[in-house]
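Trainee: Next come the chains, spelled out residue by residue.
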Amino acid sequence: MTTAVEQAPAIPRASTGRPSWLAGLTLGRALTHLALLVLVLIWTLPTAGLLISSLRDKDQLAVSGWWTALTTSETQGVTRIGTAEAQVEEGGRYFIRGNVFGTDTNKTVTAFGLSNAAPGAEPAGGSVEMTDGGAITVQADGAFEWASDAPFAHTRGPRIFYVSAIAPRFTIDNYIEVLTASGVGRSFINSFTVTIPATIIPILIAAFAAYALAWMRFPFRGLIVALVVGLLVVPLQMSLIPLLSLYNDIAKLFGATDGKTYLGVWLAHTAFGLPLAIYLLRNYMAGLPREIMESARIDGASHFKIFTTMVLPLSFPALASFSIFQFLWVWNDLLVAMVFLGAQQDKLVLTGKLVSLLGSRGNNWEILTAGAFVTIVVPLIVFFALQRYFVRGLLAGSVK
Amino acid sequence: MDDVLQQLVGAILAIVIALAACVAYFWGTNWLLDRVLSSGSSSGDAMTKRDNLRSSIRPWLFLFPALLFLSVYLIYPVFETVRLSLFDGSGRTFVGFGNYAWALGDPNFQRSVLNNVLWLIIVPSMATGFGLVIAVLADRLWWGNIAKSLVFMPMAISFVGASVIWRFVYDYRGEGDLQIGLLNAIVTGLGFPPQAWITMPFWNSIFLMVILIWIQTGFAMVILSAALRGIPEETLEAARIDGANDFRIFFDIMIPQIWGTIVVVWTTITIVVLKVFDIIFAMTNGQWDTEVLANLMFKWMFVNFDYGRGSAIAVVIMLAVLPIMIWNIRRANAEQGTR
Amino acid sequence: MSHLKLTDVSKDYGHVQVLKHINLDIVSGEFMVFVGPSGSGKSTLLRTIAGLETITGGTLEIDGEVVNHRAPSKRGIAMVFQSYALYPHMNVFDNMAYALKIANESKDEIKRKVEAAAETLQLSKYLKRLPGQLSGGQRQRVAIGRAIVRDPKVFLFDEPLSNLDAALRVATRLQIAKLHQEMSKSTMIYVTHDQVEAMTLADRICVLRDGMLEQVGTPMELYENPQSLFVAGFIGSPKMNFFNGAIAGKYGAETLGVRPEHLEISDREGSWSGKVIHQENLGSDNFIYIDMGGEEPVVVRADGASHYTTGAPISIAPMANKTYRFDKAGKPIKG
Ligand SMILES: Nc1ncnc2c1ncn2[C@@H]1O[C@H](COP(=O)(O)OP(=O)(O)OP(=O)(O)O)[C@@H](O)[C@H]1O
Ligand SMILES: [Mg+2]
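Taken in sequence, the protein lines are chains Y, P and C.
The numbering used here puts the first residue of the first sequence at 1, with every later residue one more than the last.
The numbering used here puts the first residue of the second sequence at 401, with every later residue one more than the last.
The numbering used here puts the first residue of the third sequence at 740, with every later residue one more than the last.
One chain only, chain Y, in its complex shape:
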């Protein structure tokens, strides 16, 4: 322990280059590593568990923890042997053959027996006397052979109990099932349908407003900024009923049954994203150098021209930040989609689909884990690819 601590200063420091004042503390560094490691594990293990489980064989998933995924797991099984009709005669002896696993081939039998109480009485490969006469042998691969000198006459096949080992097996079967049979695939497409327009539409609208609030002089400007800041925290719940009634009224006008359309969701998400968009972009734009705007004005550029040729290109980082926010927020949203798009199966977005799976198949973990991972994989990719912009947006949105 002591040596490890003494060597600690040789370890390169965090990228800030800030010298660590904790380095002087003996033991401190080792403890720091340990503490952070524990915390990071707490924060990553649940997700890791989900991912690993979603890739496991569904039989294994149901009987053993995901942390045993790499070890062989044991289960007990039972199978009923065929009746006398299945017998074959070979050289004066009678046989009934088969496989305890049917066609399932990734398991191996370690032991078998004839009673529920002692399923592992005889190791694989050995043979056991049967009450109906003869003896049965079960091989490790599950193949059994019941041999007798006299012909079989039983009408009800006896049961064999066995202990089988399942070799670790990873598969994408769960995903295939989830994407096709469970309708998650359809929801995936629905989520994209909702998210992409709802991310793109607000950007231009917000950018123009943000520019006006940052660089144009007009009465009530301060008031509008205050309004935007206030609207940042208005709970969505306030909007649901009035908007739903409004949508339904409009739908009636057009003779539709209800107001649950993709258009409605896009517009709702656009509006709900606007306060943050305007706030973020205004802060960013106000920070652009004043001289550049003035210089452009002297060069004869109108506000419209300044906006399109100066402010928009220079605000790219802020636009990127907001797009990521909005994308994640819309993709991950449950409430707005549920209220404005409805709960019919063919209109469910991924989050809604996942909730409905939780309700209907709450214990089918192979479905739930794969389904959950399908819903989070897109945001995770976006997140890890564009983390820099995301962080920048967070900082601009709250510290300022």
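It is worth saying that the hints were derived from the structure and are not from the lab.
Quick reminder that beta carbons are idealized off the backbone N, C-alpha and C, glycines included.
None of the hints are false.
Partial list, derived from the structure: chain Y residues whose beta carbon lies under 8 Å from chain P:
1. T44
2. L45
3. L204
4. I241
5. T351
6. L368
7. V391
Derived pair list, reagent style DSSO-like, types lysine-lysine, alpha-carbon separation capped at 27 Å:
8. C:K852 x Y:K305
9. C:K892 x C:K744
10. P:K449 x C:K892
11. C:K978 x C:K1073
12. C:K989 x C:K1070
13. Y:K305 x C:K840
14. Y:K260 x P:K675
15. C:K846 x Y:K305
16. C:K892 x C:K840
17. C:K867 x C:K917
18. Y:K252 x P:K699
19. C:K813 x P:K449
20. C:K850 x Y:K305
21. Y:K305 x C:K867
22. C:K759 x C:K1067
23. C:K759 x C:K1070
24. C:K759 x P:K449
25. Y:K260 x P:K699
26. P:K449 x Y:K305
27. C:K840 x P:K449
28. Y:K305 x C:K892
29. Y:K305 x C:K813
30. C:K744 x P:K449
For this one, chain Y is given, so just place chains P and C with the ligands on it according to the hints.
Mentor: Then chains P and C with the ligands, alone, in the frame of chain Y:
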């Protein structure tokens, strides 16, 4: 398959049309403004007057679509919800504060308020605390950035996705069976009986809070980490020369300098907590005493279709947010003044 | 032709009056320099001329037309900012071409003008570069080039050289002087802190103080005939020595001013005695700081070859007719 295709084409079309409409609106109105009030032909005073008229109209052209959206989708609904909360379920009979009186006497509402208060106390403090600890630890280790990235990751995961992830952690099998939930595996590994965490009143709320803490800590960590880096190194060195030990430096020098940021993080998470809905909805739907206001409101609105009561609950949530809103506006105004 | 006329121009920011009743005529082709202490309103005056700030009182005329509310781009001006204000996402060519593109000039015309300006400013090699990839001096030249291509009636410069190092400053100063000669029809208005820039570049200098016009005149007029104590102290480097009390009384003034270069070391009759406290030898000149009992030491310019011991007593006397006499109000006493 056909309708899927149709839907995708619709989405792409929507993007194109929306962008085209935006461009057409902004470009068109500007063009029109410059055209109608052109300064080309006239000169001197008249031209100047027109220039000024144009520059007093233009901001409103830029703002109009945003203001329209905000008015229809956020401002109007606030007033409408307040109005509906004074009417009965059908929205036709005026009942005054009847819905609020009902709420005060309703055990579910009381339970929700109690739970919300618990959430408000526990989640922001834990998320901010963990965020601060992780930020402090990570800033001085070479793998700190990787650690931060991993802790930050749940921010990208939906509340529903996170609920599934944690439901798997909390999974419960009868005693004697092999536990596949991480928590019960640990508990049984330590020799205790497994527990059905989600159905244990009171504690189950805590287990739901863990999910939100797990998500929000990354946010707190990122913001606080930036604030910590903003502390001038000299102040820490000066304190060390003055003989302060690490803990005193942390509490006497660092914390006071990032106090403002801590408050901002705290309030931001508080707002998230007040609106929390998805987690409860997905995990318990309010059963086993885990009800919160947002979920209760949803039930009254979209299960019982009682718009009066639902609106009243929404107004209560709004009232809880109000102080933070006012504080935010004050802060923003003060900042503008100094700009 | 571009004749600027400011009549009673004022500018308020709420309660603060930043410019107070400025009257100024800037004739066509003139190189006018604004000087004054920090915060005296130089930039504000320049920006009101540009139209970036609207004036709150008085009138501003360009060529006889009142332009108080006219948009900046319609005043026929170009401005060079202290921070250059180059468009960071456009290369040098596009930076210079921006105004021309907005004015809808033809592609060939734009190309011709930009290349010509780049040629004069030795920027031809850098046309494809972004501003971030240029040195400070090159950026400054791009900023000037951007002004030139528009062929404005009036050039406005706000401390354009203050971000450059000493050597570049001299070089760019010469370039601006040359530019002024070449574009003799264009009026130039130039804000600076730097005495040398003001004295060398200006046709006329305008001294501002607290938002008021203190004096306008050619550099030599200001140097030889300062119309106030303030101007006397502000123009000239090192600054003029001021004497009060008995010494001034002898000359019949409240305050007597003598420039360091107009004091000689001599013990003739009527000379003043003091003690050497410090000297700064620049090689060509030796500035001697003398304690004469006043608040500030008296500075004398002596020959660079001279040497004086710190602490030694010394006698100085003003040259004949090189004294400035001021009354109580700080106004010069004639005769
Ligand atoms: N937007 C504003 N609001 C209020 N006061 C202002 C504003 N802009 C400038 N001032 C004030 O006007 C005065 C003159 O400012 P100005 O920038 O013109 O000074 P300056 O002579 O250019 O100074 P410097 O040499 O430091 O550049 C200063 O006192 C300044 O504080
Ligand atoms: Mg200035």
